[in-house]
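2 protein chains.
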Amino acid sequence: MAEQRIPRATAKRLPIYYRYLNILLDADKTRVSSTQLSEAVKVDSATIRRDFSYFGALGKRGYGYDVAKLIEFFKKILNQDQLTNVALVGVGNLGHALLNFNFHQNSNVRISAAFDVNDNIVNTVQSGVPIYPLSEMGRQLQDQQISIAIVTVPERTAQDVTEQLVKAGIKGILNFTPRRLSVPDSVRVQNVDLTNELQTLIYFIDHYAEILPTEGEQG
Amino acid sequence: MAEQRIPRATAKRLPIYYRYLNILLDADKTRVSSTQLSEAVKVDSATIRRDFSYFGALGKRGYGYDVAKLIEFFKKILNQDQLTNVALVGVGNLGHALLNFNFHQNSNVRISAAFDVNDNIVNTVQSGVPIYPLSEMGRQLQDQQISIAIVTVPERTAQDVTEQLVKAGIKGILNFTPRRLSVPDSVRVQNVDLTNELQTLIYFIDHYAEILPTEGEQG
Numbered sequence: 001m002a003e004q005r006i007p008r009a010t011a012k013r014l015p016i017y018y019r020y021l022n023i024l025l026d027a028d029k030t031r032v033s034s035t036q037l038s039e040a041v042k043v044d045s046a047t048i049r050r051d052f053s054y055f056g057a058l059g060k061r062g063y064g065y066d067v068a069k070l071i072e073f074f075k076k077i078l079n080q081d082q083l084t085n086v087a088l089v090g091v092g093n094l095g096h097a098l099l100n101f102n103f104h105q106n107s108n109v110r111i112s113a114a115f116d117v118n119d120n121i122v123n124t125v126q127s128g129v130p131i132y133p134l135s136e137m138g139r140q141l142q143d144q145q146i147s148i149a150i151v152t153v154p155e156r157t158a159q160d161v162t163e164q165l166v167k168a169g170i171k172g173i174l175n176f177t178p179r180r181l182s183v184p185d186s187v188r189v190q191n192v193d194l195t196n197e198l199q200t201l202i203y204f205i206d207h208y209a210e211i212l213p214t215e216g217e218q219g
Numbered sequence: 001m002a003e004q005r006i007p008r009a010t011a012k013r014l015p016i017y018y019r020y021l022n023i024l025l026d027a028d029k030t031r032v033s034s035t036q037l038s039e040a041v042k043v044d045s046a047t048i049r050r051d052f053s054y055f056g057a058l059g060k061r062g063y064g065y066d067v068a069k070l071i072e073f074f075k076k077i078l079n080q081d082q083l084t085n086v087a088l089v090g091v092g093n094l095g096h097a098l099l100n101f102n103f104h105q106n107s108n109v110r111i112s113a114a115f116d117v118n119d120n121i122v123n124t125v126q127s128g129v130p131i132y133p134l135s136e137m138g139r140q141l142q143d144q145q146i147s148i149a150i151v152t153v154p155e156r157t158a159q160d161v162t163e164q165l166v167k168a169g170i171k172g173i174l175n176f177t178p179r180r181l182s183v184p185d186s187v188r189v190q191n192v193d194l195t196n197e198l199q200t201l202i203y204f205i206d207h208y209a210e211i212l213p214t215e216g217e218q219g
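Residue numbers (the working numbering), protein chains in the order written: chain P, 1 to 219; chain R, 1 to 219.
Keep in mind the hints are simulated off the structure, nothing from the lab. Incorrect hints may appear among the rest.
Copies of the same chain are indistinguishable here, so a pair counts whether it falls within one copy or spans any two.
Cut-off 25 Å, straight-line C-alpha distance, at most; resulting in silico cross-link-like pairs (DMTMM-like, lysine to aspartate or glutamate) [said to hold, decoys possible]:
1) 75 with 155
2) 12 with 44
3) 42 with 143
4) 29 with 66
Nothing here was measured: the structure is a model prediction, and the numbers come from that model.
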């Protein structure tokens, strides 16, 4: 299937489609219309059809999309047919919550190693995940072939840890710190800035009328 | 100052600018160029200038922007001159981590009430925040004039809780569950979908060459 370059907004919606399709499969549904899909995932149906068309997944008029086929298709695109191990750096309150977070449900992702400087937890297993000292990070990431790390360290150490991760060959970072990280072009950073999310929400509510609507999507 | 309708992407960057400007102020800097700002917040300087121009905040050639003035300006836009109380619903692992999360640093936001069904924690104070039973939600939200809620309940109860929140007059929801919530048009939902973030990051790394670059911004 010929792939073409796709917009970032489309890429971000793929996991949402994938998850909902799995719910349909669990409920023994064999097909779905773009209108039904639209209703469930809160993305307008024109956007869904355009997103799907990037991958050559075209529904049939009056039939919709075949659920099992779409799942197979997205599973491959999202690399869900193989387990992806990720690392977590910083086992504080938020880090600990993420160790317990059910990433695995409907997603083939697993935190397989965590790193911290706290002697009380280093070399123990927390929520099923081994905690290593930071000094072993390079070796463990290479041994376990981990290319993605979740960073939940304090803001002041975020850039230092990032440089160690880059040196260890990491390719992607999910950054929960408010610090904007400097990385080489070959490394992708995705920011989950919780204070920012709250402030933006407050701003949107206070300035509802002044914000331009974007293509029919929440959040 | 005449405000005009602004793009959503711009609105999302405002808290990032605001936070960095506070760091500059703490470091006794009185002015900043769009190039310096760009370097620090990882947004290209043309985008910064365009964002600022929506608000009529124009730098002077060869001088840049006045830090104190910009802060005053953003503080007002972001409603940071008054405290915003928010509620949290669902005090599990993630909810508990968020009660301990330092939203307050450089942001005038505070979790002032939490709600849960667990008798072991209901009517106790956790991390400085009172935990109420769900049955008191409507009354507490009205008494405390809270219009924003963070939802960290299990996926299966997310829609139910949302409907109770809407009934209680909530205007904005920060949704940490994977469920896409149905709300009236007057309520804004912002989704923080952690599995989605990880899957998107994996997808981007696997398909680096196929994704169209967007305006110079991370995350």
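Quick check: which numbered hints come out false for this structure?
3
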